[in-house]
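J.: Protein chains in written order, with my numbering: chain A, 400 to 895; chain B, 400 to 895; chain C, 400 to 895; chain D, 400 to 895.
Errors might be hidden in some of the hints.
Heads up, the list lumps identical chains together, so a pair's fine if it works in one copy or across two of them.
With a straight-line Cα cutoff of 25 Å, these simulated DSS-like cross-link-like pairs (lysine-lysine) come out [unchecked claim]:
| hint | residue 1 | residue 2 |
| --- | --- | --- |
| 1 | K608 | K572 |
| 2 | K530 | K575 |
| 3 | K530 | K747 |
| 4 | K440 | K800 |
| 5 | K571 | K803 |
| 6 | K414 | K571 |
Keep in mind that the hints were calculated from the coordinates and are not lab data. These numbers come from a predicted model, not from an experiment.
4 protein chains.
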Amino acid sequence: MAVKTGEQYLEELKKTKPNVYMNGERVEDIWNDPRFESTKKILAINHDFAFEDAHKEIAIVQSPQVDEPVRRITNHIQATMEDSLLKLDLTRDIANRRICAWCGTNVMSLVWAATWETDQKYGTEYHQRLKRFHELSQKNDWDSSLAKMDAKGDRNVRPSKQKNYPGMKVVKKDAKGITVSGCKVHTSYGPCTPVMTVMPCRAMTEEDKDFAVAFWTRTDAPGITLIAKPSPNADHIDMPMQCPMSSAFGIVEGTTFFEDVFVPWEQVFLCGEYDMAALYPFYFGNIQRQSKCSCLAGHSDLVAGIAALVADVNGVLDKTHIQDKLTHCMQMAEVAQGCAFGAGAAGKMHPSGVFMPDPLKVNAGLNYIKELTGEHIQMLHDIAGGIIVTMPTEMDYKNPKLKKLLDFTLAGNEAYTTEERMRALYLCRELAATEFTGYYMGWGVNASGSPHTGHILVRSLYDLDYRIGIAKEWAGIGASREWPGHCSSHRVWAGN
Amino acid sequence: MAVKTGEQYLEELKKTKPNVYMNGERVEDIWNDPRFESTKKILAINHDFAFEDAHKEIAIVQSPQVDEPVRRITNHIQATMEDSLLKLDLTRDIANRRICAWCGTNVMSLVWAATWETDQKYGTEYHQRLKRFHELSQKNDWDSSLAKMDAKGDRNVRPSKQKNYPGMKVVKKDAKGITVSGCKVHTSYGPCTPVMTVMPCRAMTEEDKDFAVAFWTRTDAPGITLIAKPSPNADHIDMPMQCPMSSAFGIVEGTTFFEDVFVPWEQVFLCGEYDMAALYPFYFGNIQRQSKCSCLAGHSDLVAGIAALVADVNGVLDKTHIQDKLTHCMQMAEVAQGCAFGAGAAGKMHPSGVFMPDPLKVNAGLNYIKELTGEHIQMLHDIAGGIIVTMPTEMDYKNPKLKKLLDFTLAGNEAYTTEERMRALYLCRELAATEFTGYYMGWGVNASGSPHTGHILVRSLYDLDYRIGIAKEWAGIGASREWPGHCSSHRVWAGN
Amino acid sequence: MAVKTGEQYLEELKKTKPNVYMNGERVEDIWNDPRFESTKKILAINHDFAFEDAHKEIAIVQSPQVDEPVRRITNHIQATMEDSLLKLDLTRDIANRRICAWCGTNVMSLVWAATWETDQKYGTEYHQRLKRFHELSQKNDWDSSLAKMDAKGDRNVRPSKQKNYPGMKVVKKDAKGITVSGCKVHTSYGPCTPVMTVMPCRAMTEEDKDFAVAFWTRTDAPGITLIAKPSPNADHIDMPMQCPMSSAFGIVEGTTFFEDVFVPWEQVFLCGEYDMAALYPFYFGNIQRQSKCSCLAGHSDLVAGIAALVADVNGVLDKTHIQDKLTHCMQMAEVAQGCAFGAGAAGKMHPSGVFMPDPLKVNAGLNYIKELTGEHIQMLHDIAGGIIVTMPTEMDYKNPKLKKLLDFTLAGNEAYTTEERMRALYLCRELAATEFTGYYMGWGVNASGSPHTGHILVRSLYDLDYRIGIAKEWAGIGASREWPGHCSSHRVWAGN
Amino acid sequence: MAVKTGEQYLEELKKTKPNVYMNGERVEDIWNDPRFESTKKILAINHDFAFEDAHKEIAIVQSPQVDEPVRRITNHIQATMEDSLLKLDLTRDIANRRICAWCGTNVMSLVWAATWETDQKYGTEYHQRLKRFHELSQKNDWDSSLAKMDAKGDRNVRPSKQKNYPGMKVVKKDAKGITVSGCKVHTSYGPCTPVMTVMPCRAMTEEDKDFAVAFWTRTDAPGITLIAKPSPNADHIDMPMQCPMSSAFGIVEGTTFFEDVFVPWEQVFLCGEYDMAALYPFYFGNIQRQSKCSCLAGHSDLVAGIAALVADVNGVLDKTHIQDKLTHCMQMAEVAQGCAFGAGAAGKMHPSGVFMPDPLKVNAGLNYIKELTGEHIQMLHDIAGGIIVTMPTEMDYKNPKLKKLLDFTLAGNEAYTTEERMRALYLCRELAATEFTGYYMGWGVNASGSPHTGHILVRSLYDLDYRIGIAKEWAGIGASREWPGHCSSHRVWAGN
């Protein structure tokens, strides 16, 4: 069976020998290095999840490609509205309970659609190659990292106009394959993945055609170097009381350098068809951002739960101002999930067989929830109080003399022991007042694309002219006042 | 065929002879009174709409009950998710183009479900009666007004505890029927409707059982008196340039008094089954509020269109601060519609055959957009400038001497004539700076239930305990740290 | 004595015979025309106010110029911080209690400073002329209207580049004076004022120098035509219960055309010194906008009071969600007034003897409160409920038969009669759901300059470079990490 | 001379031998422990500041009590409006440039007023004792920590009703002094201070009188134990590039336990006069919160500067969406400072000689800015991009091989070197994505009292009844419609 347990997967992973640096030193044995421990935990969690009785019914799906069970959220092309909604349900719940659902299916689905369109136009064979990669991925139960965002140099100058564009480019082509160089930033999980999917991050013009390149590669291919950013609170993962989240899981980040890396043609999905480059970020800003809505809905659930727990240990859960703040948080979660579902309900089939959500509703909903990330953190401070900044550490609490003082003085709601109150406050502190906060904010504000990107997408997708036309009718401008002769749902989608 | 044109419908309506007062005087002949002209226009528009080529495909549906075409938005029980989504598409577009879609289907659908449940519990025959009313309504192509909100007296005292509760109550029952008295406020369209649907507006206890009553009645039944509130800008509907909206349509409001009104049993849907009373506002706060999301999405579209048009006639449409405000408005529209669609996608079948949207997403989405009503109006002032308050009137512009001065001095963007600029500004003024503004705000803030109601619903429907449980797991409180054994979509719906 | 009662002032005013049109017809006798009744009421109120025991101590001040008592808010040059703060206290209270304080002193003060600077640079005599106008104004206790905003034509093209710029321009100069033509919009009160102060509304270049003109004129000077926009709810000022505000006062708006109007040199304050034109809007955006902060603080107080009253008649004043909304409104008022006071505390003396508030705090505070105008109106709808849109009219209530029904059914909190409840609801309705709403929004959003203007001013006045410098120090960029050698309060003021 | 340099002060401080724990272990020699290094740096900075040419003019003031120069922000009783405004200017600038101005003067000033009132009522001698403490403090140039917030136990139960109230209480009194026990949380700087000022944090009833106690004590008095919370990013203060703020300064937090600590009467300021206890938090919520407005204005300046710098190194400073966000940040700063100044301008003299700002404006302004803390951090993520979460560490950059790769790939705006860009991004990261973020949020949200406290204060101080009265006049309720006979500035202050 294709689906691997966490243990099986980690065992397989040891075969990958990436060239990784951390804190300025080469990592000799990544799979036994304690600084990668928490990342390995989340790798395993994401596999084991699919074996739990409660989830497996929706977490596992029989693949039409390989006719084997695969993990829905990782290796199943989204082919129906139902697929889309089930993915969103899973994503929200996993984001609430394990922070990150790592929804690789979205990347596979978008490359599926983009390669199909490229082949239609150029008579190329990229789509078949993608299918083979997909089958490999399914059979090996791979989690692929995504190398999308180029290092950009001067943001005001197009890649082709920069003297030394630092992003990905094709430096050589021959009969066997291509050779690429350049830097991709934000390769989350990258140092701990067997394979990477590499794709363009922007629209390109003919002059940029050397930068229009997509492919997959093994992470330990010669010429690839990764700088691994330690997972959050990496220094404290041995303190499970004080750092309950970071000790349970972590996500190592990567900055990935390609120095003359060879990629055989069978792994190439795009090479020079510059006008197809825009499909990658566009479909990403559609199918991946739909998942992001649900991810942030799940994070809102997490905040609601933590805030309510902290209010309860403080004995103030029933105060109306607390209830109002919690209600606001519930609303955030439901609006985000509502828009994700709504984008599913308004979605369309891409001719390649991928079900595409409505990008307008995706991006409107995502803008909404992204803009509330700061409020999440602020609400936690507001409800918990200053103590999450000033309270003694787990090590203090473990000193018996101090523990006695603290058990007495930091007691709160009688329904909880002081240790339980401290555990709740530590949890809140970790989310709102540690390095983890930075990751949480990053996942909210910038992951899957910046808020500004969302604004641009909404502006470009919304049919404002139609509404100006209606305003003109109301005003009696440009025509006698008659009702226009068409009505439709105005579902806008650039995909066809 | 059951579907009537506006003309046919208005002709039929003349048979209804309601007892109506306006501005302190009895209305002798409502169907020829100019003060009701604009309301008759919208009545007709809502019928004619279904005959337009562009809409009829979705606006008309073959009724499974009477096997005749009926208007979807008025007389079709919502039976599938597809029904729900088509209704939302229509509603948004009509709200944009004709302000109000008058979606009577929602009331019929909710009574359908409520009577079914009442019969299940009490062995009554209400559901059959509702079906007969529904068939009558379909065959006559009726628009029914809704008399739901009781005059409430002291809001802090339950109906049964008030000395003189002014809301609806049963004062007599006999073999033939019931006799009711009391006042219903906010009966929009009421004075111009052939029939009214009357229902409870709140949960009731056993002591309140005389107030637990629902039925339909002809509007001109003996004992019914309506005070009609003139439609907005009623004094100016002969000025189509200055009041383009109010001259095109209007909605007369009603305060409806029942003084010993007899209702035969075959028209009664609830009488004394007090524990069923809550179903009415609950299903209203679900199926009707879903439509309200789309209605307000359409109003956001309207505001976006008018704001863009005004910016254009002023020559500033391309300024970034204008574009940012318009984008914000687009986002409002799409989030509201996104949540409406999302509530559809997360909906469930009620055992009576009504498709019920997810009330949590409905109410979260509706809270979101309701709270932005003031911003809509403010944005119009912001973009248009002070001129919508200070500009000369249509009568000034019709004076040739002044017209000459104004054509010169009020010119803006050269792409428009001064008259066109003034028309755009008048339109904006009507929405943002006249009595119409009050109606617009009322439709946004309070129609289909107040924002506070939405907050209460979200709070009660959201599964906060589940999220507190997850927080406890993270914190290691109350159990060893193991992942919980269940996962589901947590779609919450009180209906079963 | 210079200060006139309302009656005395109105008597004097009859000597003014302006050329006024309303609704397309020439107004034959403005002082006996009922449509100007409510405007005359506010004119009188603003005079009588100064005679009331409670106010006269601060409302009246002994003028250093004419050594007579004058009205502080109308005819006293702001010469100290104390002057500034007393003006703000008065303004807030009057705005709460009479809507508009008509603070003419600000215009006089800003022209005082601008003419002084012009004379300093050009050796002209404008400042002496302004002083004479000021003395005339004090001795006659005049209220002058302000004609500042030009009709602008194409907003993207400078005045001098437009074929037919419709704003104010000098068309002839001779030994005796200048002749001007052009249109000024938004001349509030204009048709009912004895004199007008005319000034530029924007910065000018040398090519625009014919548009750089400021002067005063009698409103009935030959060649001036005003189109009067009726005061809000002018059709209903005979219904004091339903329209308590509009029946008590009104502000007629004006669009003012100058067709070859002669202005003698002794009335001219600027003529061709184009580089001085910017002083007018800049000082306006300083001294007048400070008053606007307090004006909108007073309006916030008004909204808080009305909202609380409506909540009380509805019996829900003690509900926490109501209290929270009211608290938010209180905060709005205090922040606006706080910034107005703060701008006073951070102000500086202009060398001409005018006390100038800090423009940065003025504009930041005004941006804050302007952006909340929509929330004000929305809160009133939210707290009052739909009834302010649907309730019967005063005429209904005066019909004895209906009154009996209404007294019973519309009762609320027992501490109030039904009539009192209706009066409270009518007041709320007038502010939130009638043409008055449009004026209220206009006064909030656009009066004294648009929100966008405020943003531009804040951006240009704030010393961002200083803060970037500090960031560089923190980051260790561009210098060794040493603390910079200067510290100051960084009060920014462009005035010297 | 009383004013000590940082070096002199630290030398003196070595005489203090507090009983301190950190991370579960007793700190043997706090003054040589590297974990306290950054806190000592800020102690010294706050002294040296007063010697810099640029600041000394306002930072130093001649004390009327000891007739020696003292540091204004630490040891000068605020005696005039001018004092108040100068303090605010200094506070904002220091908060921008050194994060914390540690404004001890506020605590001294509020105890000055509270002891004066207590003596007036009870004929006690507390005020003389406070004066002696103040003189000692001035002559020694002490910085005193503040021990105000009690550990609270069950927040729903009054101290006297709790079985084991963990807060401060008097356990014994005799001729020489009092003996106290209990825990104070949030004693910022506490472990590194020579003396502590201890005071009540809430209003008390007669039954609570044992908890009504205020005094000063040496920090190393027998029976006092402090748990020191390490300053933020304490593990990385040796990385000045990556942690430019934490390496430059830090604030150690304290949880302070009093176990039978003896306090001689000459150090006691309150003991049992329970009705005076409320004066402490009330005046704190006035004079200290005014400083907090300026502190947060300075933090807004800091965010504006860092955001602008990051935008500049990224090459996008001139983009309109960036400029809009920066303008919003500028406005936050100016509104906060505006309200602080406004509260000064509306302040009053307390009869004891302390100048008291207007608490209504203080708390309205502080609510405003506190509620925007989350936005600050979110804006930094938004403008900087995901790189502040994923970028390589300083140690990576110091590896020559990686440095070469990074210098090429992470280049941005050509006006900066890659190292400079990285420094700017690290600075932004430290503020927005590390443990420092938690402190920043804590200083914003909870320091000087929670947002909810501010809401309660605004609600209780604002004269809503006056505004309801005006609404009644407008509505014609309860009186004939006449203008009321009083007007005043309605400056509300509970202090006299």
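J.: Determine for every hint whether it applies to the structure shown.
T.: To see whether the hints hold, each was checked on the structure:
{"no.": "1", "hint": "K608 with K572", "verdict": "within (13 Å within a copy, 65 Å between copies)"}
{"no.": "2", "hint": "K530 with K575", "verdict": "within (19 Å within a copy, 73 Å between copies)"}
{"no.": "3", "hint": "K530 with K747", "verdict": "within (21 Å within a copy, 36 Å between copies)"}
{"no.": "4", "hint": "K440 with K800", "verdict": "neither (34 Å within a copy, 31 Å between copies)"}
{"no.": "5", "hint": "K571 with K803", "verdict": "between (69 Å within a copy, 23 Å between copies)"}
{"no.": "6", "hint": "K414 with K571", "verdict": "neither (29 Å within a copy, 71 Å between copies)"}
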